[in-house]
Amino acid sequence: MTEEANLMTCHEFQAQLPEMIGSGESRAAHAHLRHCALCRALLADLETIAEAARKLFPIVEPPDHLWEQIESAIKKEKAVFEPDEGKE
Amino acid sequence: MAPDPAITDSADQAAPSTALPHPLEADLLAQAQAGDHRAFAQLYSLHKKRIYSLCMRMVGNTAEAEDMTQETFLQLHRKIATFRGDSAFSTWLHRLAINVVLMQLRKKGLSLISMDEAMEPDPQGSHSRGFGARDLSLVGSIDRMALERAVSDLPAGYRLIFVLHDIEGYEHHEIASMLDCSVGNSKSQLHKARLTLREALHNFPRQEARP
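From first to last, the protein sequence lines stand for chains A and B. The first sequence runs 1395 to 1482 under my numbering. The second sequence runs 15 to 225 under my numbering.
A hint or two may mislead.
Below are the DSSO-like pairs computed for lysine-lysine, each with C-alpha atoms no more than 30 Å apart in a straight line [what the hints assert, rightly or not]:
#1 Lys1449(A) to Lys63(B)
#2 Lys63(B) to Lys1470(A)
#3 Lys63(B) to Lys121(B)
Keep in mind the hints are simulated off the structure, nothing from the lab. All of these numbers come straight from a predicted model, not from anything done at the bench.
Assemble the whole structure, with the sequences as input and the hints as a guide.
Pasting the structure below:
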C-alpha cells in the first residue's frame, strides 16, 4: 500500500468505493481502512447489503388471472393481424 | 386454455445465465415457434415466476409488475419465431423482460440515468452524513422484509441498477449497454443506491418501533 493511500481522507477513500466493491480487490490491505473505523464499518455494511440482496429476494408466483389476460390479449392481436384465421 | 400446472419453473433460485432449462423446454419452444398455442402456454408456466419476480423487483408494485409481465409475454408471442438459440432461451426472455420494463418506464417519462445527477453531490447530504457513526453494524442483521421494503422505496433509477447488478447479477458493462449510459455512471448509481439502502436499513428498527 502506498504512502499516498495512507494519507487519504475519508472523502477520498469513499470516492473509490464504487470501484472497490465487487472488484475483488483486497480491502483488508488498504491503508486507510487500517486506520479508519468509520470507513471500515461503511465498507462492511455496503458489502453486506450487496451479499444479502443476492440471497434474500424470493421468486414470487404471479396471480392466476394474469395468464387469462395474456391469452385474451393474444387473441385480440390475432384477430387484428389474422382476421380470416379460422374462417372456412 | 390454462397452462399445465404440472409444468413449473424448475430453477426458481438460479441466476438466468446459469438456470438449467426444463427437459421439455426445447420441444415446447419448437412447437410454440410453429404456432402451437398450448406449447406457448406451457412456456409461460415455465418462466412466469422468474419474469414476474424480475418485474416486481424492477418496478416495486404488483399492478405494474402484472402489466409488464403481460407485455413481456405478448412481445414473446410476437417475437418467438425470431429466437435462433444464440443464447439460452431463459436469458433471451430475461433480456426481453428488462427491455419491456425499461421501455415502459421511459414512456412514463422516467429519466433512468442522468450523468448530471450521478455526478452531483447528494442534495440532502444523506450519503455522507454520519458514515460509520452507527451504534450497530448491518453485518449479519439484515432481514428480508427490511431489505425488500428499502429496495422498493429506492428512487426508480437507483432501484433499476441495484436490481440488475446486485440481484440479477448483470455486470456494469451489460447494464451500461442496456441503459445507454457509461460504465462509470452505472457504478456511481449503484454506489448511491447501496448508500441509500444502508441509511434506510439503519433506520428500519426505529421505524418499526414507532406505534
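Quick rundown of the hints versus the structure:
1. At roughly 17 Å between alpha-carbon atoms, Lys1449(A) and Lys63(B) fall within 30 Å of each other, so this suggested pair holds.
2. The suggested pairing of Lys63(B) with Lys1470(A) holds, with an alpha-carbon distance near 24 Å, which does not exceed 30 Å.
3. Taking the CA atoms of Lys63(B) and Lys121(B), the gap is about 25 Å. The hint holds against a cut of 30 Å.
In summary, this structure violates none of the numbered hints.
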